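K.L.:
Below, each chain spelled out in residue letters.
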Amino acid sequence: MPFFTEVSVDQILFALLNGTIYGLLLFMVSAGLTLIFGMMGVLNFAHASFYMLGAYFAYTLEPLTGFWMAIILAPILVAGIGILVERFILRHVHEHGHAHELLVTFGLAVVIAEIIKMVYGKFAVDYRVPVELNFAAFSLSGIDYPFYRLLMGGIAIVMFVAIYALLTKTRVGIVVRSAIYRPQMVEALGHNVPVVFMGVFGIGAALAGLAGAVAGAFYTTNPNMALELGVMVFVVVVVGGLGSMGGAMAASLLIGITNSLAVGSDFRIADLMAFVGMGGWADDIGGLLTMRMSSLAATLPFFIMLLVLVLRPSGLMGEKE
Amino acid sequence: MKFAPLFLLISVAVLIVLPWLVSGSMLNAAVQMLIAALFAMAFGLLCGQAGMLSFGHAAYFGIGAFAAVHAMNAFGGEGLLPTPLLPLVGGATGLVGGLLAGYFSTKRTGVYFAMITLALAELLHALAPHLKTVFGGEAGISSFRMPAWGIGFGGLNDVYFLTLVWTLVCIGLLYLFSKTPLGRLALGLRENAHRLRFLGYNTNALGTLIFAVSAMFAGVAGALQSINIEAANYVVLESHISTAVVLNSYIGGVRVFLGPAIGGAVMTFFGHVTSDLTRVWLLYQGIIFVLVMMFLPRGLMGELVERARNPSAEGVAQTLGTLLMRLASLAIAAFGAVFTIEFLQRLLSPEYRADITEGNWPDITLFSYDWAPLSIAPWAIGLGLFGLGIALATLINRRVAARKEAQA
Amino acid sequence: MALVLGAATAAQAEPLKLALVETLSGPQASTGLLYRDAVKYQIGKINEAGGFGGAPIELLEYDNQGGPVGAADRVRAAISDGADVILQGSSSAVAGQVTEDVRKHNLRNPGDEVLYINLGSEAMELTGAKCHYYHFRTSPNAAIRVNTLLDGMSEAGVLGDKVYAMNQNYSWGIDVQDNTAAAADRLGFEMVEKTLHDVNKIQDFSPYVQRVQAAGADTVITGNWSNDLLLLMKAAGSAGLDVRFGTAFLDQPGNIGNAGAVAEGHFLSASFNPEVNPEKTDAFMEDYKSVTGHYPSYVEPTAVFGMMLLQGALKQVEPTEDGLNASDLAAALENASVETPMGTLSMRGADHQAILPMIVQEVSRNAKHKSDGTEFGFVPVKVISAADAEQPVQDSCQMKRPG
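Protein chains in written order, with the working numbering: chain A, 1 to 321; chain B, 322 to 729; chain C, 730 to 1132.
No lab work stands behind these hints, which were simulated from the structure alone. All values derive from a computational prediction rather than experimental measurement. Take these hints with a grain of salt, some might be off.
Computed beta-carbon distance windows for the label pairs [unchecked claim]: (1) A:166 to B:523: 40 to 50 angstroms; (2) B:675 to A:133: 25 to 35 angstroms; (3) A:63 to C:778: 43 to 53 angstroms; (4) B:344 to C:1130: 32 to 42 angstroms; (5) B:523 to A:76: 48 to 58 angstroms; (6) B:523 to A:312: 14 to 24 angstroms.
A few chain A residues facing chain B, derived, Cβ under 10 angstroms [as the list claims (entries may be wrong)]: (7) 99; (8) 102; (9) 105.
Pairs of lysine-lysine, DSS-like flavour, derived with a Cα cap of 27 angstroms [claimed, not checked]: (10) B:453 to C:923; (11) C:833 to C:1129; (12) B:453 to C:859.
C-beta atoms are modelled at their ideal positions from N, C-alpha and C, and glycine is treated no differently.
Construct the entire structure; sequences and hints are all you get.
P.N.:
Quick look at the structure:
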């Protein structure tokens, strides 16, 4: 009973490559969220909206400044918005508890989506990969691998290394990390903790904005981008461990690769039961048991999330609660 | 607070005679408001009283809805489950679902609890399209309300009274529940679960039971909706239904018993009225969420109760005066904001952009007047009124603060 | 004297109210608003020609907030506001709910029926298991789309031998898949594989592209819309995959703009193309633009033609003192037919499915009308007449007729 359709080394390689790049995209978007949660305990519903804003800003700037400047400026603009949000909106709600923070960011996500629809229209906009970057990097058994995808993966890896270095090796990073555990002490030592929080929020938003600016050209840039990616980002952050950068990377790759492999698989639970001779019975029951893995690919992340939450809630690499 | 029972009695009386007071489409909205209120009350039990923020309550609402639809088709309104008793099925399945889900969810607390509930609901939502016999595919499962107990249940009035009776009974039961030992322990879970454990209580079991009761009433609400629209569709399992009930409850105020119900009713009414008036009603809804969370953190009912409990030393007349002036300034600001937003929406719309020719920007009609977008008039009115309202509100706040300081 | 009195009574009868119950806000609003433009346009034309019973027709608009639950609520509101006809088209899920609500209302209120005119929801069951006397579909359905697409592509010699069916996992996608499979023997191709994927959840289609490549397909037939179509095509394009796409919704605004050159050479089967019958079509396009501000595209022409059919049927109906008698209108609609710029559009009485011409078209640089401000547009490859496009009545439709 074949688990995969015509398995070949090339295809598995391709699946792994695809999954890795998709996972790196997820990492780019969730890095900011896990940073913000780790630092401030705020689960920011509007994070995917920052992703969307990054894409739209880059789309607007590109005809004026060219592609490369656009993807540098767009995250800066999004960071600015993030800082404004933290200073004028979130700061009022910190004292009322996490639920209020969450709900404010949810309201914000709705407001951002509606404003984007008002200004840019309800259909997708044509923000495309620039012609000079639109070529194939290499070819594997007849399928081209676009260079831009590798570029996206590269940017994600650079992002990871940069944040990791920033947090562990620099003074700023040490201050930020201490501010999670002992904000009063850090304040007593003379650091301006509210400014630190503002900066962290801004950087988190900038990361999401960069992800949007880069990925929006390759995928589509439309007003529902935030909704499409929103829940997946939460899954990554939870599975990886709230606040852990390494965990976010591991979880993103896990989800990306399992998704890629699952789509290529026609495996069904009934096939597994055939091993113990209950295949016919499972076929009769139907329903969940006869669904193909390829159709279920989008539900896998939630299974993983549930498993992690019940068995090891602090996530793959988070700290124990 | 002494007036509370009187208010309640008047409200119930108004609700009973509502069909003769309002139009058909308003009555329709009233049914939706009741269902939203009951769903929010069920959520409020879990979140407000037991302090467990659930992000996947749509799952139990949906389970109840589908159970009721299948029961409607199976029993045809007779036998064991005549139409008026159908919500019992919703409650029963919600209870079972809640026990199962609650057992897993309550193993963790805080954010992790919320994430588990989210994951469970999203999992159910992702699986539903594939389980076509249960969830019916994207057209859902459809059924037919059958007459029972001599009532036709064909028209809106019958549906309204059925919904009203069930909602009032369930809210009453929730109130009584809050007075039982288990209901009291829920408060304990919220305040100090650690201490409860030390006192010997099994907090996991407690949490599971409360989760199950909350899910039961959510299931009743789902069943009522199925009876109302004679169908159930898996879109009811979407995450925005879960977030909507959280928002409604917090806007009403989760710490006050009836807060969630008021929040659910008000926001449903708001959506009903504005969605037909303006294209950007979701924007207004989002703005209201943000503003209420920022400035009325206890929710509408919560702030009301708080003011009633701690009246300022100023006396009723002055308090009322301040309140009226605040409302007036906010109304001015709101009008200015709405004007600007509506004007911008029309200015940026694709129809208008197609009308623009070289240097000629046609007038935009708003509130029956024509405004030229390039002139200062509409901007002055919109932004000006908004600024004026905010300035007045700030002034009033400063005056009140100064008075308080003078007295202190 | 009698004529004057008669005219006076007719003029004082209840004006005809049409209710548009559509998705006008939220994530899926883009399509709903197009239906609104098309309906308003044609109602304007009907009123210019005198309206109904001497009075202008009123359009009531209801926002179903994107889902069947909101739609059920709004249908009830519309009926209680006096609507005689419900119009809708953008979503098959909503259509499923509306048609059931209308059917149940009519069952409970004999003599006070309302009509449901489905301007664009193409799931088969609406004229199949869910068909009923007061529902009319004026747009194509899955069988018509797929079979005309395959016929056109086959005649143009671009279908190839190996076809891959890639669809969304819900009734519409399954309908497309089933119809593709059923046509395999007739047209002499092999359906090498079929895949059903989650609707609007997938960002990364490269694993699916890999499957297409592994199956060695020449053509991919897909009913995907919105992101699912765009991302699939872009993924295929960037993988350098040499397949031709046959689609149902490639002309959705934003698709060509976003896909650019990737879309070139792919096919579409739709009920409108601006280059067919240019004398009539150009006049229609310019008039539409002068009223709404943009050229008609995607669902708009089909919706306008559907409203033209309604207009023709209304001319056959005498208003009564209570306004419109829905059963009279239904009887008139059953046999209605109208000349559109594309050809003859008529209604089939057996299942209330419209019979209309379809145009198989290709994305090309040589198009006279460009899409989304790009250099590409749709060029007609084959015009399939209404009679040739017609597909058989489904066995599952057991329509109960009044009287």
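K.L.:
So which of those numbered hints doesn't the model satisfy?
P.N.:
none
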